[in-house]
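There are 2 protein chains.
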Amino acid sequence: MKLRYGIIGAGAIGGYYGGRLAQHGADIHFLYHSEYEQVKNNGLRVDSVNGDFHLTDMNVYAHSEDMPKCDVVIVALKTTQSDKVASLVKPLLKEGSHILLVQNGLGYEEELAKELPDYYIGGGLAFICSSRIAPGHILHADYGALTVAWYKSKKNEDVANQIKTDFEQAEVPYTTGDDLNFFRWRKLVWNIPYNGLAVALMATTEEIMKNPSTRQLAADMMKEVVTAARACGAMIKDSFIDRMLENTEKMKPYAPSMRLDFDNHRPMEIQAIYSNPIQIAKAAGVEMPKVEMLEQQLRFIESREIANSGK
Amino acid sequence: MKLRYGIIGAGAIGGYYGGRLAQHGADIHFLYHSEYEQVKNNGLRVDSVNGDFHLTDMNVYAHSEDMPKCDVVIVALKTTQSDKVASLVKPLLKEGSHILLVQNGLGYEEELAKELPDYYIGGGLAFICSSRIAPGHILHADYGALTVAWYKSKKNEDVANQIKTDFEQAEVPYTTGDDLNFFRWRKLVWNIPYNGLAVALMATTEEIMKNPSTRQLAADMMKEVVTAARACGAMIKDSFIDRMLENTEKMKPYAPSMRLDFDNHRPMEIQAIYSNPIQIAKAAGVEMPKVEMLEQQLRFIESREIANSGK
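Residue numbers (my numbering), protein chains in the order written: chain A, 196 to 506; chain B, 196 to 506.
These are calculated hints, taken from the structure and not from any lab test.
Misleading hints may appear alongside valid ones.
In this list, chains with the same sequence are indistinguishable; a pair is considered to hold if it fits within one copy or across any two.
[Claimed, not checked] No more than 27 Å apart at the CA atoms, straight line, and that leaves these computed lysine-lysine pairs for DSS-like:
(1) Lys405 - Lys477
(2) Lys285 - Lys347
(3) Lys289 - Lys432
(4) Lys279 - Lys418
(5) Lys477 - Lys418
Construct the complete structure from the given sequences, taking the supplied hints into account.
Given below as C-alpha cells:
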C-alpha cells in the first residue's frame, strides 16, 4: 500500500519528519508559507544527528487548495494556529483520510473531531530537539522518536500500519498505543513544569533542577499533573515523576520550546499546555493551583510582550 | 511620664518615626551603622509629605553597648537581620523595658520572647511609603500610620499609653489593638501577593492589577492567606480581600519593599513574608500552594542574585 502524505506546517518538526519520509521515497506534499520560495528554489536542508540530507525537487505548495487529496495529513503547526487547522486540512481530505496532529498540549483532537467528524484523527507526540535555523534549513540536534495514538482508537488498520512502516523505513523510532489521552497527559508531566518555568524564571532546565526550591516546584507541579491525569482516566504512575526528574537532571541544559518561542517573539502555547489541561482537570473535579499560577504568570508575560512589541 | 527611646535600625522606617519623636521633644537615642559619621556630623534630613524637617545635635551611637538603658527599644531593622536583634537590644534593656519590632512578616515576636523572656515585646506595623535616598536623608512619600499590639497582650499600661501619646504628639497616626497575630496576618494579605510578584514578574502593583490573570492571582493568594490566617486564629473577613484589591487599584504605581530590596541588591525578606507564614499555616493544617510557589520562585531568584553578585 502506497500512501500519499500531506504536511501542513513544515517547520522544525513537520519539516524533519516529512523530510525523512521523502528522503526514503514516500509520496510527500509540503505546504509552506513564508519559506515557500526558498524551498521551491533551493529545497530543504536538514542537519541531523542521524545524518544530514538535502532534498530538492520536492512537492511544495503555497496554498493547501492546490494540494492533492492525501491518505495522511500530518499537521505540525504550533497550537497557537489551531483555529486554522480545519480549513487548511479540508482541501486534502478524501474518504478514509487520516489526520495526525503532531502538536503539544491537550484537547485539539477532540476539537478537530467535532469539526471534521468523518475522518480519522490521531495525536502524534514528538520527542525531538529540532529547530529551524534559516528558511529551508532545519537543525535536528537530538532524539527524534514519534508516538502515535488515534482519537477514540478509530483508524483504518491497514493505513495505520503502513504509516508505521513508512516511518520505520525512514529511520524514525515510531511507537503506537491505544490511549491517546494517556500519552497526551504523560507528555504534559514534563511539558507543564519546564516550558513555563523556563519563561517565567528565564532559566534552563539545568538551572531549575540545580536549585532545591525550583526542583521541588517542578516535582510539585508534576504531582499536580499526575493527580489531574488520573482523574481524567490517564493512570500515570508516581514513579514516572521520579523518572522525569532524573532524566531532566541528566539532560544537557535545555531551553524548552516555549522558551524558544518567547525568545524569538513568537506566540507561546499557553492555551495548549496550560489553559486546556487546567480546564479539563477542573471539569474532572481537580485543581492544579501551582500549574494555574504558572498559567496566570505566563498570561501576564504574554500581554507585556504584546504591549512591548507594539511600541 | 517621660520615656527614653532607643532606635535600633534608623533607616527609612526607624529613622522616620524616631526622627518625628525627636522633632517633638522625645528623649531618643539612635543606633547607626554605615550612616554613623554622616548623621553625627550633619544630622538627619527628612523630606516628608507632612512637612520637611532637619534634626541636628542628635544622640547617635555606633555601637549599642554605648547606648543608655531605655524604656522603649524600637527595632526597625529588616527581618533579614533578625538573628542580630537580641544581642543588639540587650545592652539597652532594664527592668520593664518594652521592645517594639517594627518589621514585616510573622513569627519574630515569638522568637524574641524566647530569647528575652523578661521583657515586654510588641509588634509594630508601619503603613508608610518611606525610603532612604542618601546617607542621613529620608524621603517620606506617603501614608505613615503605625499599628501596635503587644505579644500575648503583655505590657505596662502606663508605658504603652505614654508611647501612644508620644507618637500622637509627633503627629504619627497610631492605632493599638490586642491581637498581634491578627494584625500580622492581616498585613500579610497585602504583603504576600504584591511583594513577591513585583520581583518574580518585575512588575509594579499597577501592572499586576491591570492584567486580569495576575489580578486574579493576587486575589487567589489573598484568599489562601485569609484561609491560613483563620486556621491560625486571625479571623479576617472576606470583604478585606476586596478592600485590599480596590485600594491597590487606586494606588499610584508602587514598588513594594521587596522589589526595592531586590533592585538595590539587598537581601529579600523571604523568610519573614513567605517561609514563616507557610510553615505556621502548615502547622495549623493549611496549605497555601500559590504562596508556596512564589516562595520557591523567590528562593531561585535570590540564589541567582547571590551567584551573579559573586562574579
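For which of the previously enumerated hints does the structure constitute a violation, in increasing order of number? 3, 4
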